[in-house]
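Q: Chain by chain, the residues:
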Amino acid sequence: MSGPLDTSIELEHVTVELDGRLILDDVTVRLEQRRIAVIGANGSGKSTFARLLDGLVAPTRGSVRVHGLDVVRELKRVRREVGFVFTNPDAQILMPTVAEDVALSLRGSGLDRAQIAERITAVLEQYGLAAHAEAPAYSLSGGQKQLLALASVLVRKPKLVIADEPTTLLDLGNARRIGRLLVDELAAQLVVVTHDLELAERCDIALQFRDGRLVEVGEPAEVVRSYRSEHT
Amino acid sequence: MIALYLPGHSILHRTPAGVKLAALLVLALTVSLWPHTAYSLAAVGVLVLGLYALALFPPLVLLRQLWLAKWIVVIMVVTQLIFLTPWDALVNTVRVVAIVLLAGLLTLTTRSSDLLEALEAGLRPFARVGVDARRVGLTLSLAISMLPVIAGLAARVRDAQRARGVRLGFRAVVPILVLALRHADDVADALSARGAD
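Read top to bottom, the protein sequences are chains A and B.
If you read the first sequence in my numbering, its first letter stands for residue 2, the second for the next number, and so on.
If you read the second sequence in my numbering, its first letter stands for residue 117, the second for the next number, and so on.
Hints may contain errors.
Claimed, not checked - Okay, the calculated beta carbon distance ranges per label pair:
no., chain 1, residue 1, chain 2, residue 2, range
1, B, Ala296, A, Val216, 30 to 40 Å
2, B, Asp301, A, Gln116, 31 to 41 Å
3, A, Asp71, B, Asp301, 51 to 61 Å
These are computed hints drawn from the structure, not numbers from a lab.
Beta carbons are placed, not taken as given, at the ideal position from N, Cα and C, and that holds for glycine.
Please construct the entire structure, taking both the sequences and the accompanying hints into account.
A: The following block contains the structure:
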């Protein structure tokens with residue numbers, strides 16, 4: 002059972018194999034920082050690391066604990082604590098209109114209709130989507146879709162937000178806006194998988210993956226410098 | 117045809133979704149089973165026009181719904197004229213188009229979430245025979261949401277063909293299917309992440 006202030010993320014000797022391929026190789030790490038950046042080349046295992054934390058991928062060996070909860074054995078409780086923002090918002094938006102998509106996140110929350118409506122209005126205003134509440138979600142621009150995906154996650158007030166390359170498909174302006182929202186304004190703990198090294202440098206700690214192995218954990222500026230030097 | 121909610125303050129917008137759903141069921145059955153004459157067909161037309169007027173929509177909304185139903189009309193008229201008399205073809209086409217327009221009016225005046233709730237409430241008694249009302253509602257809602265996504269995937273494949281100067285014709289179904297299946301995997305992950313499974 003986790004305490005209310007437990008913000009630990011622990012992986013112990015975690016290995017992930019998918020279809021006979023080694024995706025993550027014996028990863029052990031304990032993190033408690035509020036802003037955690039994960040960097041690495043494509044196929045290095047960083048997205049798999051993120052997906053492990055929300056139980057979207059199960060470890061082949063080893064254990065994963067998030068805020069004191071075992072991700073495999075206590076998956077439902079983990080999912081209540083964790084929100085996941087995907088790279089492609091089109092895959093995350095599940096309902097026909099903007100307000101309805103946010104409302105989906107609150108189904109089964111125990112809130113009554115008035116409270117749900119209040120929360121939806123507040124979150125849509127916060128993310129500049131109030132004017133689009135009744136609009137078809139698919140008609141939004143790429144940046145607005147990612148804002149909606151974020152709003153749909155944050156309306157549940159998760160304690161940990163995992164964002165898997167949330168700015169990859171966005172233009173510079175929208176990427177900066179989403180980055181600012183995540184790193185500077187988010188109340189919850191954040192794990193962000195990113196190729197945006199400026200964003201990674203603004204976090205409290207950075208992890209670098211290479212070929213399925215966690216090769217570096219430390220000060221973001223140091224980790225980013227080392228990653229850059231490998232690619233020059 | 118998937119019509120999305122158009123906000124408004126008409127009596128139809130304010131009517132509970134369950135009542136509208138039940139009314140649609142009754143009207144659809146009546147229009148389908150009634151032995152039509154020229155007068156009753158005209159009455160069906162007046163009913164549809166009247167209900168759209170009651171929703172306080174501009175005429176363009178009804179015309180758009182009719183335009184979206186054009187292929188249903190073409191396919192029904194052509195296929196039925198082969199086997200039936202022109203009168204029977206007319207009656208059956210009016211029946212189907214009227215029901216499509218009424219169903220469109222339901223979705224135009226009702227938020228999908230309200231419709232979903234009404235549907236779930238209606239299906240709840242069937243839980244005893246294993247029907248998961250919540251899952252059925254969510255599935256229907258997802259199906260509505262995914263239509264524009266699939267259309268987008270088809271457009272992507274079409275653009276890729278043009279860019280590479282090839283015409284796949286019917287074979288274009290294969291890449292669309294592959295993209296759709298990949299998208300389905302992503303949606304399954306998103307559903308899991310949002311605790312919907």
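Q: Compare the structure with each hint and give your call.
A: Against the structure, the hints come out as follows:
no., hint, result
1, B:Ala296 / A:Val216: 30 to 40 Å, "holds (37 Å)"
2, B:Asp301 / A:Gln116: 31 to 41 Å, "holds (34 Å)"
3, A:Asp71 / B:Asp301: 51 to 61 Å, "violated (25 Å)"
In summary, the one numbered hint that this structure violates is 3.
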